[in-house]
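Each protein sequence line maps, in turn, to chains G and P.
Counting in this note's numbering, the final residue of the first sequence is number 134, and the numbers go up one at a time with none missing.
Counting in this note's numbering, the final residue of the second sequence is number 364, and the numbers go up one at a time with none missing.
Hints are all accurate, no fakes.
List time: in silico DSS-like cross-link candidates among lysine-lysine, alpha-carbon distance up to 27 Å:
id, chain 1, residue 1, chain 2, residue 2
1, G, Lys56, G, Lys106
2, G, Lys61, G, Lys106
3, P, Lys157, G, Lys98
4, G, Lys61, G, Lys98
5, G, Lys56, P, Lys168
6, G, Lys61, P, Lys168
7, G, Lys61, P, Lys157
8, G, Lys98, P, Lys168
9, P, Lys168, G, Lys106
10, P, Lys90, P, Lys358
11, P, Lys157, P, Lys168
12, G, Lys106, P, Lys157
If you want a taste of the chain P side facing chain G, the calculated C-beta under 10 Å gives, among others:
id, residue
13, Gly153
14, Lys157
15, Arg160
16, Phe161
17, Ala163
18, Ser165
19, Phe174
20, Glu176
21, Leu177
22, Val224
Think of the hints as simulated: they come from the structure by calculation, not from any bench.
Note that the coordinates shown come from a computational prediction; the quantities given were computed from them, not determined experimentally.
Virtual Cβ for every residue (Gly too), placed ideally from N, Cα, C.
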Amino acid sequence: MIIGITARAEGTSAPVEQRFGRAPYFVFVDTETGKSESIKNPLVDAAGGVGPRAVQMLAEHGATVVITGQVGGNAAKALEAGGIKAYAYRGSGSVADALAEHTAGNLQPLPLA
Amino acid sequence: MKIAIASGKGGTGKSTVAANLAFTLARSREVALVDCDVEEPNLHLFFPGSAVDIPVTTPVPEVDLARCTFCGECGKFCRFGALSVIKDRVILFPELCHSCGGCSLVCPQGAVGEVPRTVGRVACSCPLPALTLISGVLNEGEVQAPAVIRAAKLLAQGHPLTLYDASPGIACPVIETLEGSDACVLVTESTPFGLHDLRLAAEVAERVGIPAGVVINRSDGQDEATLDFCRERGLPVLMTIPFSREIAAVQNRGGLICRDLPGWEDRFAALFDGIVKIAGVSR
Ligand code: SF4
Ligand code: SF4
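Input sequences plus hints: build the corresponding full structure.
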């Protein structure tokens, strides 16, 4: 399973970003191999409609689960349509911390449209 | 002749100037007044009456799923996020679509067609024998203000004298309104903020290439900074409306100063003469 986490920088020790579509980085972690890949978000400065575009990008990277702070209505609709689950991490920890919380089953699913 | 009335920001009295000018001119000739402030049209408040509505539609994409291979090209192209391809679904957010038509161009399968979608309406009325009021109204949550403005301007075509009331600010709806105008009236207030917004508005008029003049509204008599700016830029000050309780009272009850206060009809007629002069075209 590939999990996409919104982050402020590259790597799993980067702090989690609360914004979804405008997160500076997306960190993708493959839970089977433990490998991670960081992608700089090209949409940070986009004018609008970043939510659905970010979802398409996540789907292209094979993510089936997303961990972030919050998602907007359009992003939620796109996640729902793509069958991608979203979980809320509201803490100030790192990507690795958020993953640990998720594995422990402590994260609440974000309500989707 | 087409005259646009604009301002760098809202609340400067732009609509007041447009409504009074239209009322004054309609005494002696046919006038079309077009409310291009489609996100918040308010000229109809000055001229109550029944209106005929015409819907405004724009094309949005429709994907033929029998042809679509879910390659994702359309979603990657759309910079407004109106289209996302997620696995085997194409999700459309029609209210984000700007009808650029790009998605149908990039689709390698020719799977993207177009369907019309209503984004607003144009309300048309004749509040005075010689006055036609055309108000563009953008539906809430829609992004296609320029499409509604275009429709409203189209409906006014053929009128020999047309006034456009632009939306406040300097974004693309204002440019859409200014396009094709012969002259532009910039309404401002003589405050430091007012001057800042006037400077931006003047730049827009200059960029679009339309001769402009200035109306100073709610003047407290201390307009030096504004006057200096206008002199520097070669912008004639066409009219100054002082701040007065009397004027404020008329405006607060939605009245027209050219109708309700003596002397103002002449002053708005003089404003028109000034505009004709800067436009350099015959009336
Ligand atoms: S570009 Fe055409 S084929 Fe590709 S996903 Fe979009 S509609 Fe389908
Ligand atoms: S027409 Fe343009 S704005 Fe609308 S969905 Fe297609 S690419 Fe996006």
